[in-house]
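K.L.:
These are the residues of each chain, in order.
There are 2 protein chains.
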Amino acid sequence: MNGVQRESPALGPGPGAAPPPLADGGLRVVALGGIGEVGRNMTVFEHAGRLLIVDCGVLFPEDNQPGVDLILPDFRPIEDRLDDIEALVLTHGHEDHIGAVPFLLKQRPDLPVVGSKFTLALLAAKCREHRQNPVLVEVAEGQRSTHGPFELEFFAVNHSIPDALAVAIRTAAGLVLHTGDIKLDQLPLDGRLTDLAGFSRLGDEGVDLFLVDSTNAEVPGFVMPERDIGPVLDGVIGKATHRVIVACFASHVHRVQQVLDVAAAHGRRVAFVGRSMVRNMGVAADLGLLRLPEGLLVDLDLASTLPEDQVLFVSTGSQGEPLSALSRMARGEHRQIRIHPGDTVVLASSLIPGNENAVFNVVNGLVRLGANVVHQGNAKVHVSGHAPAGELLFLYNAVRPSNVMPVHGEWRHLRANAELAVRTGVRRDRVVIAEDGVVVDLVDGIARISGRVEVGHVYVDGLSVGDVGESTLSDRLILGEGGFIAITVAVEATTGRAVAPPTVSGRGFSDDPKALDDVVALVEMELSRTEAEGITDTHRIAQAVRRVVGRWVADTYRRRPMIVPTVLPV
Amino acid sequence: MNGVQRESPALGPGPGAAPPPLADGGLRVVALGGIGEVGRNMTVFEHAGRLLIVDCGVLFPEDNQPGVDLILPDFRPIEDRLDDIEALVLTHGHEDHIGAVPFLLKQRPDLPVVGSKFTLALLAAKCREHRQNPVLVEVAEGQRSTHGPFELEFFAVNHSIPDALAVAIRTAAGLVLHTGDIKLDQLPLDGRLTDLAGFSRLGDEGVDLFLVDSTNAEVPGFVMPERDIGPVLDGVIGKATHRVIVACFASHVHRVQQVLDVAAAHGRRVAFVGRSMVRNMGVAADLGLLRLPEGLLVDLDLASTLPEDQVLFVSTGSQGEPLSALSRMARGEHRQIRIHPGDTVVLASSLIPGNENAVFNVVNGLVRLGANVVHQGNAKVHVSGHAPAGELLFLYNAVRPSNVMPVHGEWRHLRANAELAVRTGVRRDRVVIAEDGVVVDLVDGIARISGRVEVGHVYVDGLSVGDVGESTLSDRLILGEGGFIAITVAVEATTGRAVAPPTVSGRGFSDDPKALDDVVALVEMELSRTEAEGITDTHRIAQAVRRVVGRWVADTYRRRPMIVPTVLPV
Chain A
1 MNGVQRESPA LGPGPGAAPP PLADGGLRVV ALGGIGEVGR NMTVFEHAGR
51 LLIVDCGVLF PEDNQPGVDL ILPDFRPIED RLDDIEALVL THGHEDHIGA
101 VPFLLKQRPD LPVVGSKFTL ALLAAKCREH RQNPVLVEVA EGQRSTHGPF
151 ELEFFAVNHS IPDALAVAIR TAAGLVLHTG DIKLDQLPLD GRLTDLAGFS
201 RLGDEGVDLF LVDSTNAEVP GFVMPERDIG PVLDGVIGKA THRVIVACFA
251 SHVHRVQQVL DVAAAHGRRV AFVGRSMVRN MGVAADLGLL RLPEGLLVDL
301 DLASTLPEDQ VLFVSTGSQG EPLSALSRMA RGEHRQIRIH PGDTVVLASS
351 LIPGNENAVF NVVNGLVRLG ANVVHQGNAK VHVSGHAPAG ELLFLYNAVR
401 PSNVMPVHGE WRHLRANAEL AVRTGVRRDR VVIAEDGVVV DLVDGIARIS
451 GRVEVGHVYV DGLSVGDVGE STLSDRLILG EGGFIAITVA VEATTGRAVA
501 PPTVSGRGFS DDPKALDDVV ALVEMELSRT EAEGITDTHR IAQAVRRVVG
551 RWVADTYRRR PMIVPTVLPV
Chain B
1 MNGVQRESPA LGPGPGAAPP PLADGGLRVV ALGGIGEVGR NMTVFEHAGR
51 LLIVDCGVLF PEDNQPGVDL ILPDFRPIED RLDDIEALVL THGHEDHIGA
101 VPFLLKQRPD LPVVGSKFTL ALLAAKCREH RQNPVLVEVA EGQRSTHGPF
151 ELEFFAVNHS IPDALAVAIR TAAGLVLHTG DIKLDQLPLD GRLTDLAGFS
201 RLGDEGVDLF LVDSTNAEVP GFVMPERDIG PVLDGVIGKA THRVIVACFA
251 SHVHRVQQVL DVAAAHGRRV AFVGRSMVRN MGVAADLGLL RLPEGLLVDL
301 DLASTLPEDQ VLFVSTGSQG EPLSALSRMA RGEHRQIRIH PGDTVVLASS
351 LIPGNENAVF NVVNGLVRLG ANVVHQGNAK VHVSGHAPAG ELLFLYNAVR
401 PSNVMPVHGE WRHLRANAEL AVRTGVRRDR VVIAEDGVVV DLVDGIARIS
451 GRVEVGHVYV DGLSVGDVGE STLSDRLILG EGGFIAITVA VEATTGRAVA
501 PPTVSGRGFS DDPKALDDVV ALVEMELSRT EAEGITDTHR IAQAVRRVVG
551 RWVADTYRRR PMIVPTVLPV
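If you're matching them up, the sequences are chains A and B in order.
With the first letter of the first sequence counted as 1, position 363 gets the number 363 in the UniProt record's numbering; the numbers rise by one all the way through.
With the first letter of the second sequence counted as 1, position 300 gets the number 300 in the UniProt record's numbering; the numbers rise by one all the way through.
Hints were generated in silico from the structure; no laboratory data involved.
Any given hint could be a false lead.
Identical copies look the same in the list; a pair holds intra-copy or inter-copy alike.
[Claimed, not checked] Straight-line Cα separation of at most 20 Å, SDA-like style, residue types lysine to any residue; simulated pairs: (1) K514 x G462; (2) K380 x P220; (3) K514 x V460; (4) K239 x R423; (5) K514 x L463; (6) K380 x V219; (7) K380 x G221; (8) K126 x D110.
Using the sequences and the hints given, assemble the complete structure.
P.N.:
Put into structure tokens, the structure is as follows:
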């Protein structure tokens, strides 16, 4: 992998605080992603010389990572030990838990991937797009499986996707429980409760290390049951007199189920819109996770010809993604679906921080076309998939762990989760906040930070992985803010004399065609100077040009475009 | 003004839907900013051939406007009629209402600017930075002033800045009331209530057109009184054992007053941090709007030497601005203030949509350094300055307008506000949603859209206004996403033969030094082809190079950098 400097061997010492060798019989835990950020979850466990990985997801880029499609966990600490990996366990099928699997499988195609039926079905669909044929090991709640020195036991957990699992890991070093993403809906739509009884049994046995989802640790209280959204949707859709479009996450089978049930109750037929929605709901229906009443589903072209009060569209695009179906509707550019006054659009989804402007642009576009837009800001059409503080307390009191390691979250979430652990009686010095790369060793029942391995951001841009790094991003940020001014000069190689007037052009700098008119004379004057000084080295000439143009643009415009001189010896 | 095409004369016809001449005795209303967006509020009123302007603010750019510092209202529709302007009325001193005044004064330096004492003091400070000496006309609630055919009456309104005014405009065409930014705090800290009684008196007289703040129209209910934040701050600051830093808006005098009072009650001395905070609080104290107990205020250098439990800092940076004092503290880069474990940081402010990632980055940085961070997500340390639905209903019922025009908001806010007007009994066909540039004529007591003038975004970038337009921004977006690949070729002018191998370089494209190694041969092959075809025109050669490199990069990398060929004839 290019673009990420290799400095630290497998789970070995990193710069500054190299971890010592793992004590005999101990268990080592290192997150390669997902702690200190929300996304690209990946945790590596090491015991008796063997490795186990839990989850392998992607992170979506922020504003300061322009042009990046995805961010992967940093595989470097395990690249030299790929053959030591016993298995990859996937807790559920969300992108931030499975999205990076194809990139890991490229390095180790025969790695056994362990997960529930729905999780593996989503993974298989993803791997097909990458032309991969992974080794899948299907498990279910209540089952156990053994992978080298790691004995696993799986527990049902409730989340915003079906068939999610928590995993208990037994080794000679002790008992570890990893929640994955979790909440405690006490009236889940599919009746599949988070197995608090199982967690209590583990607690009786003695949990040495508890890794806990931190996403909602700052939020007080409890999540409303998913099924309580049904009546709200019924109220909104029942009152609608024109078309209804519901946007939600393409993996939220239970949310979609409720929309379908309400549509059926009000005599509306349903069409799925958006590639991932069509694909995932197909998978869910095949596995019996989505109940589709006979004749309810119609194809999009047919749906768009049905009377307005007899149709409902379930669409992607709830995060304002500019290319999504919903964004195209908001701009009046969707091929089959035009928004008309009186239409109802429901955003049955969260608003992921950072997406606000994109989502509100879509909402404003829809409102401008006359749609009535319902979203979590004005109706209870969404509940979170992550346990807030009140539910986390239940978890801590069931598990009664000796050591706690908050996972899945930014620093504010991790700290809030740590405080909850302490309030339930966990010793403060046994709560370990270990961001990505921090090495935690569980030895003799005590978890301690023993060092750090270097982990960075690994960027996917187009077809390649890792060749876009911090230096490229920093250039993109400069170019994106101020554009560039390019100056090309041909000089006699022997004398350094300019053989023609310099060519000056700017992009992303100004709409004014005269904006750079003064630069030619400025550069010519500087070239006379360098020639007079006998400078023939093209790098030195280029530097002189960069300096004089940079100073001019700062004085004249108070801007900082990139200055790109090219000096051609002829 | 460059970069904005001039197509429409003063309040005259624009493309597509030219408004007819204003009927005799009528009143024309056009927003040049602030409707369909949150910011750059500016409304122009025309009557009997004369103009009156209410507010002249700036808008802050979004992600798709990179490198832009500010966005101004589009002055083009009034540029030919500057001498017809009787006055500019400022409702209050926020940037989105006064920030663009210096740019208007550049075109008409003697324009009378009418506003309250505090509003004009903030404007004067701003104009001093622009070396301007505006003509100021101070007014207060209860007063009247006449400007040509416009008779104005001012009313106290309550907002998140002191001394805000609503303005009633009487002409032969009827009575207009413009709320400015408004809320109905019934227990305001300074006892200065929004003058609902005055509005009711206007309602008795008959309000023909009511322009109403829409910002919070989507939010149900009422705003908690500002003074109820005091006890919350007292709880947080009273419990603090180390340093306390409170960040809030630099113009929110009442919020700062409550912080100062709590600091004094707990034996903490106070230092202001950040240029705008120091300046605005100086102005407020001079005008008697901020009470500063003797000896409370200390200078920053002294404050940073005081015992940790005897100091409190009031800082800018509540929106995560990267150069602000608070951001520098979060990165450990502030010269005088280092964050230590146990410090308390309070963000006593809203979270403006689009700023979430920046603010949470600051919060995470502070938490990582050990600070306890209190914000509106975990404590009631902020209330909005804008009337939500419940308060807007009070306004409509007091004013009982015949025509309504929602202002200050995106489409979702405007539509929600319109519905509130209708629910209080305003005829639906008398509620006019008129985004920027839409011409509304009030004639014979009825407000109707009569056409549209062209208004665009006017960008300020560094020292110049208007030369950065949509084409420059579009280039910046391409460069920011993918960087560029520059290819420079010197060719014989007569034959089109390359005289040396092409120079190829990329910026913002890849960290891999070999990423573009194949391009030289690719371009050489294309140059052989163009030469063989007898092509000598440098533009055609450049186009051929752009095409072949663009196709190569799309196939090889699936990316779209800008391709910048330069062909030098020598």
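K.L.:
Tell me, which hint numbers fail for this structure?
P.N.:
Nothing - there is no hint that the structure violates, so all of them hold.
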